[in-house]
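Once you have looked at the hints, place chain R on chain B.
Protein chains: 2
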Amino acid sequence: MIIDCHGHFTTAPKTLHAWRKQQLEHVNDPRNQPKPSDLRISDDDIRDAIDQGQLKLQKERGGDVTLFSPIAGQMAHHLGNEQTSQVWARVCNDLIHRVIGLYPDNFVGVCQLPQSPGVAPANCVAELRRCIEELGFVGCNLSPDPSGGYWQDPPMTDRFWYPIYEEMVRLDVPAMVHVSSSCNPCFHGTGAHYINGDTTAFMQFLLSDLFTDFPTLRFVIPHGGGAVPYHWGRYRGLSLEQAKRPLEPLLRNVFFDTCVYHEPGIRFLTQVVPVDNILFGSEMIGAVRGRDPNTGEYFDDTKRYVDACAHLTVDERAKIFEGNARRVYPRLDQHLKNRGVAAAAASI
Amino acid sequence: MIIDCHGHFTTAPKTLHAWRKQQLEHVNDPRNQPKPSDLRISDDDIRDAIDQGQLKLQKERGGDVTLFSPIAGQMAHHLGNEQTSQVWARVCNDLIHRVIGLYPDNFVGVCQLPQSPGVAPANCVAELRRCIEELGFVGCNLSPDPSGGYWQDPPMTDRFWYPIYEEMVRLDVPAMVHVSSSCNPCFHGTGAHYINGDTTAFMQFLLSDLFTDFPTLRFVIPHGGGAVPYHWGRYRGLSLEQAKRPLEPLLRNVFFDTCVYHEPGIRFLTQVVPVDNILFGSEMIGAVRGRDPNTGEYFDDTKRYVDACAHLTVDERAKIFEGNARRVYPRLDQHLKNRGVAAAAASI
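Order-wise, the sequence lines are chains B and R. Number 223 in the working numbering belongs to position 223 of the first sequence; there are no gaps in the numbering. Number 157 in the working numbering belongs to position 157 of the second sequence; there are no gaps in the numbering.
Calculated directly from the structure, the hints in this document are not laboratory data. All figures in this text were calculated on a predicted structure; none of them were measured in a lab. Incorrect hints may appear among the rest.
[What the hints assert, rightly or not] Here are the in silico distance ranges between beta carbons for each label pair: (1) B:ASP45 <-> R:LEU24: 54 to 62 Å; (2) B:GLU25 <-> R:LEU24: 41 to 49 Å; (3) B:HIS311 <-> R:ARG129: 48 to 56 Å; (4) R:PRO185 <-> B:ASP315: 38 to 46 Å; (5) R:GLN22 <-> B:GLN22: 41 to 49 Å; (6) R:PRO30 <-> B:ASP172: 56 to 64 Å; (7) B:GLU248 <-> R:ASP44: 39 to 47 Å.
[As the list claims (entries may be wrong)] Mimicking SDA-like on lysine to any residue, the simulated pairs with C-alpha atoms at most 20 Å apart in a straight line are: (8) R:LYS14 <-> R:ASP94; (9) B:LYS244 <-> R:ARG289; (10) B:LYS244 <-> R:GLU297; (11) B:LYS14 <-> B:ASP64; (12) R:LYS244 <-> B:THR295; (13) R:LYS244 <-> B:GLY296.
C-beta: ideal position from N, C-alpha, C; glycine also.
In isolation and in its complexed conformation, chain B is listed as follows:
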């Protein structure tokens, strides 16, 4: 079974964007903001968006299930305020829930959180709980920088963040560390801010006692872990010198996806990072949508790169494609079992 741990509803109908625009135009005037019920998207609109988008590519590329979340770049926690973020997260998550209702075999939900710059993530607990317990989602996206590129909230290891971690632990769900768009002209979104966010969060974890306080808390760092695997020696050295401990125990709590868009990068990732810490992901449809003129294949068809890794055994592949996702997202595992999909023996 092929589980893609990283997919976004980037093809969402344009009416969603129009609704958001209207909401932001009335940011300080909640009475004149559009209501969630004002958003008109039919089941056919959703089918049009999915059938020719994520579902088509999932099938073409041989995937089975995608962990599906709202458009990362449109979370835009830096726009509006806490109130608009609350409503916007709810609207986006409800839309994901509708996708899952229409395609229960192909997509499983991961939620956006109503973060807002300067607002303690305690304000995200209720929406996380709603998405997990009422909508059946299995994880969340958590931005380390709600300011959108100015990095003005405390590091993710500060107690400021602990209420959301307590709830994640209670619900036994991981977070993908995922920034949203950048409003800082220095940082291109998918080319700099995304990758920097990944690297930054890893280094925060490395120096902290977060996982002493929350031994079962789990994070997936997307985009292949940012710069981390490439600089694995640097991080091993920094951990020994600055945290006075080896780096490796951090891997009980921190995982990487395979959103690295070339074969040498995936080969490198799977040779440097233990296979138990790598979850298949494609970010599809995401940062790079075109085909590599050298190969004629899509840059983000990362399954192809994993398939090409001759050094991986059958069992290792099964872990990357299935077993690790079931382990890191236990509610996904339970969901699949409830639907009669047992884990492949090799993947466990």
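Same frame as chain B, but now just chain R:
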């Protein structure tokens, strides 16, 4: 010949730090700031710092010449103001000049610039010119973020930066893109801010027409190019989609060093990035000073990793160790020729 393009005077005598502390204590009171002549460092102090530090390691590891610049983390452009940055850059560069006077065979100068947040880099032209034309330096370090982690100046591709580029072009010297320390608690200096700075600058270059405006302008991106080589497919795709051109021509102007602290990382770098764009560097003595307990060797002994790359030919090694540095830093080449050190045939 082995040229290390990336070394800092991190072992500088403590009196330098005490001088800086005093300067910053009187930041708004220039009359009571210490004078450059108040800094008392004897030749023996310098010899003590170098002999047991960078020179010892250079010799032990088989290096010949290091491009030597002031402590990157202490440039700290975000501290003080434009006036203190001007004096501090001059003090630090003069100290590098003294090192070179004592060790003319082993070190060649690269200068710090008097950047200051919000101040146009035009204010760096005079110090750059002084260092190159009067002190015989061959390049400069240029920070893409003088704010120290808040990224509040325009991107490096903005016209704000053009005056310093005009002078770099006139003098025919490259800049190493190098942030200083981070005062943003989200970013660890050497573990996040350094690497993010590298990645960010590359993405700025990728999207811009900077090298149309300055066809001979050259940048070395240190720390192995940040996250860039690992995400080479992403950058190739982003260039095709967002800049509407292939990525590869950017390599006429942008180069990477080898400050990647493990053998698989260097093997990967030299397999993904064209060899003509890789300059040997160690950042020594820098971010990680200890030994890898798995091998017993220093993490930052990057020459060992290049040596271990069996896929590199003799000519390719000579380019990485010597020829590329002579080409990217033509004043270094001239300096070596003036001292009677011709380039190895294989390295050209």
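Checklist entry - What are the numbers of the hints that this structure violates, sorted from low to high? => result Hint check: 5 and 11 fail, others pass.
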